[in-house]
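> Sequence:
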Amino acid sequence: MYLPKIFPRRPIVISKGENEFLWDINGKKYIDCVGGNGVALIGHCHPKVVKEIKRQAEQLLICPTIFYNDIRAKLAEKIAKITPKHLTRSFFSNSGTETVECALKLAMKYQGPEKNEFIAMKGGFHGRTMGSLSATWKRKYKKSFSPLLTTFKHAEFGDIDDIKSLITDKTSAVITEIILGEGGIIIPQQDFHKQLRELCNEKDILLIIDEVQTGLGRTGKLFAFQHYGIEPDILCLAKGTAGGVPIGVTISSDEIFSSMKQGDHYSTFGGNPLACAAALATLNVITEDRLYDRSFDLGKYFLDKLKEILENNRIIRDIRGKGLFVAVETRLRIKKFVLRAIKEGLLLLTSGISTIRMLPPLTISKESLDSVIRILNSILIK
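Heads up: the sequence shown begins at 294 in our numbering, then just goes up one per residue.
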């Protein structure tokens, strides 16, 4: 009643979570394939994350970045160790949108005022603030907020020739997801990202990779760009990085970050000790338990079983994914299927009007995945 009606809401009230499960206020249990829109990467209320949140909450909640902080330093060191060697500097914020805003400003500052144009992808999603919204493709998010930044062009995702046609001597950076998330879990041809990396090198253009949804094991590798043998100039992480606590990280090299002067960018809450403690615990769980390998194995099992069970279903147009980043595209509007799933104890995301998108925790059990397949098979009927 007291919240603005700007979000589509499902007819349930969630009150509790544990690993891949959520409960509503009536005690009904659900398998969560929404995963907090990808935030519950290591499950809801992971005990190691909860333990660190409690510990940190009793010690220090806020420490502005004008002061050094031990837990923030430990997190920055951890990130430097798990990312490519040249990505040594991390700027902390509070969301994926903020990481993109920082990345765009960073690219402009490094490239200089004469190179102020960006190329983003049709179907891409990077946030809904003015800069990130300029990079986002979907027109319904943008139509009421013109003029946005006029220095953005959009190319067909996966079409290297279309990108080439948009490059000018003013192009500062290309920003892209490795796999389009909100766009429907669209996976490009295997050679696309390598061609894009080579093109950016040739034209002295920075490559910004937005791994807000795909990063930290979601696709079966620690980072989705590793599937394609490339590395970004600027990397954006958020969502599951802190196990459910808001955080964003823009990561780049010392050379690129050195172009930013004091006062060029700032975040009051970015890098706060509570979020950093949660993120450090989360990254330790992911790396020590090798959840990216688990995502690869379970993702293959899940996709294979989905295709086996649903292959003769005339409603289904396509089943695709990498790791536990999975889409079931249908020939019909899916709203009724999502509501049917809720009744059966399954929570689903959507992409557009006809695609089911699933981002379960990497800690989900095989038994729960079997239940997801069973429920999908029962509800995907006319």
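If you're looking for bench data, these hints aren't it; they were derived computationally from the structure. Please note that a few of the clues may not be correct.
[As the list claims (entries may be wrong)] Each computed PhoX-like pair below joins lysine-lysine, with the alpha-carbon atoms no more than 20 angstroms apart:
1) LYS298 / LYS436
2) LYS374 / LYS344
3) LYS415 / LYS487
4) LYS371 / LYS341
5) LYS367 / LYS446
> Look at each hint and say if it fits the structure.
Hint check results:
As the CA atoms of LYS298 and LYS436 are separated by approximately 18 angstroms, the hinted pair is consistent with the 20 angstroms bound. For the proposed pair LYS374 and LYS344, the alpha carbon gap of about 23 angstroms is over 20 angstroms, so the pair is violated. Our distance criterion of 20 angstroms between C-alpha atoms is met by LYS415 and LYS487, whose separation comes to about 19 angstroms. A C-alpha spacing of about 17 angstroms is found between LYS371 and LYS341, which places the hinted pair at or below 20 angstroms, so the restraint holds.
Between the alpha carbons of LYS367 and LYS446 the distance comes to roughly 38 angstroms, so the proposed pair goes past 20 angstroms and is violated.
In this structure, the hints that do not hold are numbers 2, 5, in rising order.
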